[in-house]
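Chemist: Sequence:
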Amino acid sequence: MKAPSINIKFKKRNQGNRLFMPVLSWSMSSTSSSPITSSHSNMSSLRSIPSYQTDLVRDHCSQELKALEDQINVLAKKLVFAEETLFQWKAEFYDLQNRFQETLNEHSATRQELQDTRRMLQESEHVRSRWFMKNASSIAIHHAIEEQEQTQRDKEDQRSIHRASLRSLSKFKVLRFFKAQT
1 MKAPSINIKF KKRNQGNRLF MPVLSWSMSS TSSSPITSSH SNMSSLRSIP
51 SYQTDLVRDH CSQELKALED QINVLAKKLV FAEETLFQWK AEFYDLQNRF
101 QETLNEHSAT RQELQDTRRM LQESEHVRSR WFMKNASSIA IHHAIEEQEQ
151 TQRDKEDQRS IHRASLRSLS KFKVLRFFKA QT
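Residue numbers for the sequence shown follow UniProt numbering, beginning at 1 and rising by one.
For the record, the hints were derived by calculation from the structure and aren't laboratory data. Because the structure is a prediction, the values reported are computed rather than measured. All residues carry an ideal CB built from backbone N, CA and C; glycine is no exception. You may find that some hints are simply not true.
25 Å max Cα-Cα, derived SDA-like pairs, lysine to any residue [as the list claims (entries may be wrong)]:
id : residue 1 : residue 2
1  : K77       : Q63
2  : K90       : V74
3  : K155      : H142
4  : K155      : R167
5  : K78       : S62
6  : K78       : A67
7  : K134      : Q148
8  : K179      : R167
9  : K134      : Q122
10 : K171      : E156
11 : K155      : A144
12 : K134      : M120
13 : K77       : A67
14 : K179      : S165
15 : K134      : E123
16 : K173      : H162
17 : K134      : S124
18 : K179      : K155
19 : K90       : L75
20 : K155      : A136
21 : K134      : A144
22 : K90       : A67
23 : K134      : R119
Okay, the calculated beta carbon distance ranges per label pair [unchecked claim]:
id : residue 1 : residue 2 : range
24 : T103      : I161      : 18 to 26 Å
25 : F93       : L121      : 53 to 61 Å
26 : I72       : Y94       : 28 to 36 Å
27 : K134      : K155      : 29 to 37 Å
28 : S160      : E102      : 33 to 41 Å
Based on the provided sequences and hints, a complete structural model is requested.
Modeler: Structural data, given as structure tokens:
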């Protein structure tokens, strides 16, 4: 009887998954004609090899599965972080967008108020110029009266300044006189 040979071949599990899984194959060739011996030896090898094969497959797959689970957990954490960050950015974006819209509305309102004020000033200037044209004679008389009053006030101011300067001059003279006496 020839000794059994064990061959380990790597075979793809399925086309989508790129994981390779060891698959064991064995062969028995017997030179003896005794069916009991070959059958007995064949049975013992059939009992021992499948358990060895499943242990190999289980160990190899469990390591790969554990590595994949770790990667999935890391990616899941990154995804959760990315979703939270995206949610925060969206909230900040909408807040900024709302504030920008409010500022734009305020700017539009201010611009409208300025246009209204300018229009009112133009209208009042127009009304004022029309009033001046209608009342030119009364304005001239009123202006002449105001000029006379202003001239009178200027004269009074000049007199008070002159009196104050005379008083200060007389004080200096008195001080000089007393200094000369001492």
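Chemist: Against each hint, give a clear statement of whether it holds in the structure.
Modeler: Against the structure, the hints come out as follows:
Note on K77 and Q63: the hinted pairing holds, with a Cα-Cα distance of about 21 Å set against a maximum of 25 Å. For the hint linking K90 to V74, the alpha-carbon distance of about 24 Å falls within 25 Å, and the restraint holds. Proposed proximity of K155 and H142 is supported: the alpha carbons are some 20 Å apart, at most 25 Å. Distance check on the hinted pair: K155 and R167 sit about 18 Å apart at the alpha-carbon level, within 25 Å; holds.
This hinted pair checks out: K78 and S62 have alpha carbons roughly 24 Å apart, not beyond 25 Å. Only pairs whose Cα atoms come within 25 Å are accepted, and K78 paired with A67 is accepted, the gap being roughly 16 Å. Of the pairs offered as hints, the one joining K134 and Q148 holds, with about 24 Å between alpha carbons and a cut-off of 25 Å not exceeded. Only pairs whose Cα atoms come within 25 Å are accepted, and K179 paired with R167 is accepted, the gap being roughly 18 Å.
Using a Cα cut-off of 25 Å, the hinted pair K134 and Q122 holds, with the two alpha carbons roughly 18 Å apart. Simply put, K171 and E156 have alpha-carbon atoms about 23 Å apart, close enough for the 25 Å limit, and the pair holds. Restraint check for K155 and A144: satisfied, since their Cα atoms lie roughly 17 Å apart, inside the 25 Å limit. With a CA separation close to 21 Å, the supplied pair K134 and M120 stays within the 25 Å bound.
Proposed proximity of K77 and A67 is supported: the alpha carbons are some 15 Å apart, at most 25 Å. Restraint check: the Cα-Cα separation between K179 and S165 comes to about 21 Å, which is no more than 25 Å; the hinted pair holds. As the CA atoms of K134 and E123 are separated by approximately 17 Å, the hinted pair is consistent with the 25 Å bound. Straight-line distance between C-alpha atoms of K173 and H162 comes to about 16 Å, which keeps the hinted pair within the 25 Å bound.
With a C-alpha separation of about 15 Å, the suggested pair K134 and S124 falls inside the 25 Å cut-off, and the hint holds. Between K179 and K155 the alpha-carbon distance is near 36 Å, which puts this suggested pair outside the 25 Å criterion. For the hint linking K90 to L75, the alpha-carbon distance of about 22 Å falls within 25 Å, and the restraint holds. Annotation: proposed proximity of K155 to A136 is violated, straight-line Cα distance about 28 Å (limit 25 Å).
With a C-alpha separation of about 18 Å, the suggested pair K134 and A144 falls inside the 25 Å cut-off, and the hint holds. For the suggested pair K90 and A67, the alpha carbons sit about 34 Å apart, so the restraint of at most 25 Å is broken. Our distance criterion of 25 Å between C-alpha atoms is met by K134 and R119, whose separation comes to about 23 Å. Hint check: T103 to I161, Cβ distance near 57 Å, so the stated range 18 to 26 Å is violated.
The hint said 53 to 61 Å for the Cβ distance between F93 and L121, and at roughly 41 Å that hint is violated. Between I72 and Y94 the CB atoms are about 32 Å apart, so this pair conforms to the stated range of 28 to 36 Å. About 34 Å separates the C-beta atoms of K134 and K155, a value consistent with the hinted range of 29 to 37 Å. Take S160 and E102: their Cβ atoms lie about 59 Å apart, and the range 33 to 41 Å is violated.
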